[in-house]
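Residue numbers (the numbering used here), protein chains in the order written: chain A, 1 to 476; chain B, 477 to 684.
Accuracy of the hints is not assured; some may be wrong.
As the list claims (entries may be wrong) - Under the rule of at most 20 Å between Cα atoms (straight-line distance), these lysine to any residue pairs were calculated in the SDA-like manner: (1) B:LYS508 x A:TYR405; (2) A:LYS435 x B:LEU496; (3) A:LYS410 x B:GLU484; (4) B:LYS483 x A:GLN409; (5) A:LYS116 x A:LEU470.
As the list claims (entries may be wrong) - Now the in silico label distances, taken between C-beta atoms and shown as ranges: (6) B:PRO579 x A:SER28: 26 to 32 Å; (7) A:SER444 x B:HIS580: 42 to 48 Å; (8) A:THR301 x B:LYS663: 41 to 47 Å; (9) B:ARG492 x A:ASN330: 47 to 53 Å; (10) A:SER28 x B:ILE576: 15 to 21 Å; (11) B:GLU490 x A:THR285: 50 to 56 Å; (12) B:SER670 x A:LYS284: 45 to 51 Å; (13) B:ARG492 x A:LEU427: 52 to 58 Å; (14) A:ARG449 x B:PRO680: 42 to 48 Å; (15) A:GLN175 x B:PRO579: 31 to 37 Å; (16) B:LYS486 x A:THR301: 39 to 45 Å; (17) B:VAL533 x A:THR195: 54 to 60 Å; (18) A:LYS20 x B:ALA526: 25 to 31 Å.
As the list claims (entries may be wrong) - Heads up, incomplete: computed chain A residues facing chain B, CB under 10 Å, no partners named: (19) ILE108; (20) TYR136; (21) LEU390; (22) GLU396; (23) HIS412; (24) VAL439; (25) LYS440; (26) TYR452.
Just so you know, the hints here were simulated from the structure itself, not pulled from any lab data.
Heads up, the beta-carbon is just placed ideally off N, CA and C, and yes, glycines get one too.
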Amino acid sequence: MPDLEGQVKNEGIRILRLCKDLSEFILSGQVRKTYLYETKDFLEYIKESLKAINEFVRKTINKKMAPPLAKGKLKEFDLIREGLSWLYILVKESIDSDTLSIPYSLTIFLNHTARKLQKPSKVSLVVLGSSDLMYYKYNLGNLRKLAINLASIIEKYPVLPAEIGILKFPYCAAQEILVNCILFHEMGHYIYEKTGLQRYFYSSINDNLRVFIKDKKIMEKIANPLLVQRRLFNYVANLMLRWADEIFADIFAISVLGPAFHLSYVELEQMLPTKIERNRNFSKTHPANDFRFKMHAKWLTDGDWDEIINEYTPQVFERLKVCEKLQLENNDFSINCKPPLEDKQDLEDKLHKWMLQEFEKMVRKIEPVVSAELKNFENPFSDFKKNDSLVTACLEHGIVPSTVYDNQQKRHPSPTTILNSGFFFYLGGMVELLKKVKVKRGVSRIDKRMNYEKRLNEWLAKAIEDWQILLEEGKL
Amino acid sequence: MSVLSKKEIKRRLELRLDDLESIVITPRLDEKFDQDSVDLRLGCYFRVPAVSTIECVKPYQDTVEHYPELVHKPYGRGRKKRVKKGAKEREGDNAESTIILQPHHAVLASTLEYIKMPGDVSGEILTKSSWARIFISIASAPWIHPFYRGCLTLEVTNLGNVPVALPVGKPMAQLIFIKLEGQIELKKDIIEGSYAGAVMPEAPKFKA
Numbered sequence: 001m002p003d004l005e006g007q008v009k010n011e012g013i014r015i016l017r018l019c020k021d022l023s024e025f026i027l028s029g030q031v032r033k034t035y036l037y038e039t040k041d042f043l044e045y046i047k048e049s050l051k052a053i054n055e056f057v058r059k060t061i062n063k064k065m066a067p068p069l070a071k072g073k074l075k076e077f078d079l080i081r082e083g084l085s086w087l088y089i090l091v092k093e094s095i096d097s098d099t100l101s102i103p104y105s106l107t108i109f110l111n112h113t114a115r116k117l118q119k120p121s122k123v124s125l126v127v128l129g130s131s132d133l134m135y136y137k138y139n140l141g142n143l144r145k146l147a148i149n150l151a152s153i154i155e156k157y158p159v160l161p162a163e164i165g166i167l168k169f170p171y172c173a174a175q176e177i178l179v180n181c182i183l184f185h186e187m188g189h190y191i192y193e194k195t196g197l198q199r200y201f202y203s204s205i206n207d208n209l210r211v212f213i214k215d216k217k218i219m220e221k222i223a224n225p226l227l228v229q230r231r232l233f234n235y236v237a238n239l240m241l242r243w244a245d246e247i248f249a250d251i252f253a254i255s256v257l258g259p260a261f262h263l264s265y266v267e268l269e270q271m272l273p274t275k276i277e278r279n280r281n282f283s284k285t286h287p288a289n290d291f292r293f294k295m296h297a298k299w300l301t302d303g304d305w306d307e308i309i310n311e312y313t314p315q316v317f318e319r320l321k322v323c324e325k326l327q328l329e330n331n332d333f334s335i336n337c338k339p340p341l342e343d344k345q346d347l348e349d350k351l352h353k354w355m356l357q358e359f360e361k362m363v364r365k366i367e368p369v370v371s372a373e374l375k376n377f378e379n380p381f382s383d384f385k386k387n388d389s390l391v392t393a394c395l396e397h398g399i400v401p402s403t404v405y406d407n408q409q410k411r412h413p414s415p416t417t418i419l420n421s422g423f424f425f426y427l428g429g430m431v432e433l434l435k436k437v438k439v440k441r442g443v444s445r446i447d448k449r450m451n452y453e454k455r456l457n458e459w460l461a462k463a464i465e466d467w468q469i470l471l472e473e474g475k476l
Numbered sequence: 477m478s479v480l481s482k483k484e485i486k487r488r489l490e491l492r493l494d495d496l497e498s499i500v501i502t503p504r505l506d507e508k509f510d511q512d513s514v515d516l517r518l519g520c521y522f523r524v525p526a527v528s529t530i531e532c533v534k535p536y537q538d539t540v541e542h543y544p545e546l547v548h549k550p551y552g553r554g555r556k557k558r559v560k561k562g563a564k565e566r567e568g569d570n571a572e573s574t575i576i577l578q579p580h581h582a583v584l585a586s587t588l589e590y591i592k593m594p595g596d597v598s599g600e601i602l603t604k605s606s607w608a609r610i611f612i613s614i615a616s617a618p619w620i621h622p623f624y625r626g627c628l629t630l631e632v633t634n635l636g637n638v639p640v641a642l643p644v645g646k647p648m649a650q651l652i653f654i655k656l657e658g659q660i661e662l663k664k665d666i667i668e669g670s671y672a673g674a675v676m677p678e679a680p681k682f683k684a
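Next up, chain A with everything else stripped away, as it sits in the complex (with noise of 0.2 Å):
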């Protein structure tokens, strides 16, 4: 008869040990740095979950208990360690993410506009450095299960709060201002998630492909129809719903911060290792990239910027331009996965090209809910045409532009217009900064160039960081 009662203490020990370890290593943390509150709030949400686990555990091992409650104790902490297990890695990232180590500006920028957007209810984007070299929205999906669960044998377990989200950036980009505008893009995944689209489609996506399967008679060719009708109905659910929450993410980003968001996806895709053909193909987790910017090029047309950005960047804009004209109906594209249909190419091919069109008729659906959310949000466009000219030539004089004038009127331009004429003065205008930048004899042009390509972006996140303490204040 195995000693559970001593499995129990000793499992227990090593639970308050890691418990232990790891408060103190939050609490090292805090003492040298200085967090955001949005990560104050999550590390404090850590320890209280920390605290709970700990105070549980020690009332349990205190207790002698018969072998049929040891057996139910041990799964507890089962529960408890793969809870531990989540919330070990997202204590590490988060002690990491100082404001020296999160691209600060427009992480306050990013949680100011997410307020504004979801207005009355709270926001609270928590920005975490990463190791992958990727942006991504952490899913917190199994975390809040768990903490339910958790919940429901510790008594004073906290609830993940629901206006928390996690997004996540690679680590070295910290100092970088303008290809972290991405995070809008993961910002528009949390939108995504409190509108409900994601149930509405799973739905949809179910119902339409049962029609499909019985009018083009997939499964009369199939040799073990049950089978497959239940992973290709996992196969096109997952792949359309990853594709739809893309696709809301980008039209989400491109309208809340115009081109500077596709411009850093651009700028992006050149740092990011990749080796399949991207372009045309719609992957397990992405529509194909020219689709991406088909629909980029539709909502910065409708947000008046065609003029600005074939005069800023007339490459950019070809290319906008020709994916804007590719149509689905027209094979202008093609899906890079493999269903599970038996390898019966036809019925793979036939199927590919009903997801295709089904997915268009799923974009229609998600650009007026796109709108709805942004309502009552300014296009940035009316802001950047007031101040661009003045944004620019600030640039070009080395300076941070928080405040610019236009004949004699003081003007404060929104961080939107500051990341917009920033990135087309990185992409166009750098060569009239650099020509009144004298440099020491023995730096090299590249090094000179790359040293202001630095202060660029010291300066835009000068300027939107003066823009909140100006907001604060009152003064704007």
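Let chain A serve as the given structure and place chain B on it in line with the hints.
Relative to the frame of chain A, chain B by itself:
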């Protein structure tokens, strides 16, 4: 040598950027002008001479890029609960936005304002007198050259015997503009110097 008056500073602030006589102060708040100077506020970034493993800093020999250590005190965003407009700020309301300077200690700070000097004017940065009266000194390298641009670096020293809380965003320094004498031939705007364009106090860059 003459000091620019408030009127002249304001005139220059309104000139176009490509005018070589133009002055820039950004973000700009009108109430910060005096008759012959402009008040500048304490910025959010500091470099603190933390206890270090460096045995001895050897200028020109070692890289001292991470000495002193950079510290950020976000302004206006550290606090969660907003203080009502008009209400007196209580101690601790904005605890995130202060840095405590111990007696006989120093930190590098910078102005919140980013400055661009004209080509025919030098500048001098001075401690505001109220701060001097509590034995805070803000500059040991106070001269600013024509055409310099950037947030100005302040070497803040507590010469007194009690710790002092330095509040981010509050006026600590005043900038005086001094017109160069003789005929100055202004040809073109130049950005030069290792610290040109800095938005926070930067680590020293000794170059032989």
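Taking the hints in turn, this is what the structure says about them:
| no. | hint | result |
| --- | --- | --- |
| 1 | B:LYS508 x A:TYR405 | holds (18 Å) |
| 2 | A:LYS435 x B:LEU496 | holds (15 Å) |
| 3 | A:LYS410 x B:GLU484 | holds (17 Å) |
| 4 | B:LYS483 x A:GLN409 | holds (17 Å) |
| 5 | A:LYS116 x A:LEU470 | holds (17 Å) |
| 6 | B:PRO579 x A:SER28: 26 to 32 Å | holds (27 Å) |
| 7 | A:SER444 x B:HIS580: 42 to 48 Å | holds (43 Å) |
| 8 | A:THR301 x B:LYS663: 41 to 47 Å | holds (45 Å) |
| 9 | B:ARG492 x A:ASN330: 47 to 53 Å | holds (52 Å) |
| 10 | A:SER28 x B:ILE576: 15 to 21 Å | holds (20 Å) |
| 11 | B:GLU490 x A:THR285: 50 to 56 Å | holds (53 Å) |
| 12 | B:SER670 x A:LYS284: 45 to 51 Å | holds (49 Å) |
| 13 | B:ARG492 x A:LEU427: 52 to 58 Å | violated (25 Å) |
| 14 | A:ARG449 x B:PRO680: 42 to 48 Å | violated (24 Å) |
| 15 | A:GLN175 x B:PRO579: 31 to 37 Å | holds (34 Å) |
| 16 | B:LYS486 x A:THR301: 39 to 45 Å | holds (43 Å) |
| 17 | B:VAL533 x A:THR195: 54 to 60 Å | holds (56 Å) |
| 18 | A:LYS20 x B:ALA526: 25 to 31 Å | holds (27 Å) |
| 19 | ILE108 | holds (6 Å) |
| 20 | TYR136 | violated (25 Å) |
| 21 | LEU390 | holds (9 Å) |
| 22 | GLU396 | holds (8 Å) |
| 23 | HIS412 | holds (7 Å) |
| 24 | VAL439 | holds (8 Å) |
| 25 | LYS440 | holds (7 Å) |
| 26 | TYR452 | holds (8 Å) |
Hints 13, 14, 20 from the list above are not met by this structure, while the remaining hints are.
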